[in-house]
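**Student:** I would like the entire structure built from these sequences, with the hints used as guidance.
Taking this note's numbering, the leading residue of the sequence shown gets 234, the next gets one more, and so forth.
Incorrect hints may appear among the rest.
Straight line, CA to CA, 27 Å or less: simulated BS3-like cross-link-like pairs of lysine-lysine [to be verified]:
id, residue 1, residue 2
1, LYS440, LYS400
2, LYS435, LYS458
3, LYS376, LYS400
The hints are simulated quantities; they were obtained by calculation from the structure and are not laboratory data.
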Amino acid sequence: TNLKDSFVTDGNNSRILTRNSNTAYTDYGSYWEAMIVRRPFSDSFVDSEELQQFSHVQHLRDGLTPNWNMVYGVPVVHGYTALLPQDYAHLWQTSVNPRINFIDRIEPDNDLLKQWAVKYYLVDAWFDIQEDLTRYPLVAEYKNWSLYELPTLTRFRFGDATSAELKDFNETPNQISFLVDNQTNQSQLIMADRYDVNWLAKVNGEKVEIENYQDMRMIEIQPGKNEVRFYYYPRLFYLGLVISGLTLLGSLMSLLISKRFKLRKTHT
234 TNLKDSFVTD GNNSRILTRN SNTAYTDYGS YWEAMIVRRP FSDSFVDSEE
284 LQQFSHVQHL RDGLTPNWNM VYGVPVVHGY TALLPQDYAH LWQTSVNPRI
334 NFIDRIEPDN DLLKQWAVKY YLVDAWFDIQ EDLTRYPLVA EYKNWSLYEL
384 PTLTRFRFGD ATSAELKDFN ETPNQISFLV DNQTNQSQLI MADRYDVNWL
434 AKVNGEKVEI ENYQDMRMIE IQPGKNEVRF YYYPRLFYLG LVISGLTLLG
484 SLMSLLISKR FKLRKTHT
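**Tutor:** Printed below as a string of structure tokens:
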């Protein structure tokens, strides 16, 4: 059974949870540890004898790198970012003293997983398993990997938590667009993605407000068919570009005026 095929059948409507050295790139230590056992880094840090004698480095070499989900296009609840937003890290915080740029270990029975559309739990049996996994349906197995199904809500859902069926779905890092038929006359659509003031939304071509719903995004929709588009518009970034452009223009004008003044002065 192909594990990837098992958890991508839902399209982009659910995520997975994983752990140990297979978590996403939110911790520089685990990322570097997984990289040094692979070429070209292994030649400098781990010699061939160590790769043959020590099982830990063997599993790191043969396992998945922390950002493996980006290669296969698999959404994980940890996300993938070099700079982890503090509000999202705080959402999953269980430790007294949180670490910078790091998400604490997320247990499979965490109530937040249901809200954030986490439907699958990917477990590497090589690591010590302390959870009781018998309560979760086993979806697929491959070598030392096991994929379990968790009870969850969908990533896109109406205000009453029922799943929203999407058509013509298209997602890029800066834009998400789709069609949704609101046959039950719902008034709200929830998207289980992190709320950010730089994300804007349009419904049927008109701007709508994105509300902060439990750190997720929620918009008002209309009865019947809705053409929805979320798009990222970093206001401060574009404001910085404008200020930089005006500063550059002002500097050039000042330089030209200064040169003309010097030329006139030399002629007189």
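**Student:** With reference to the structure, classify each hint as holding or not holding.
**Tutor:** Now the hints, each set against the structure:
no. : hint             : in the structure
1   : LYS440 to LYS400 : holds, 20 Å
2   : LYS435 to LYS458 : holds, 13 Å
3   : LYS376 to LYS400 : violated, 36 Å
Checked against the numbered hints above, the structure breaks only hint 3 and satisfies the rest.
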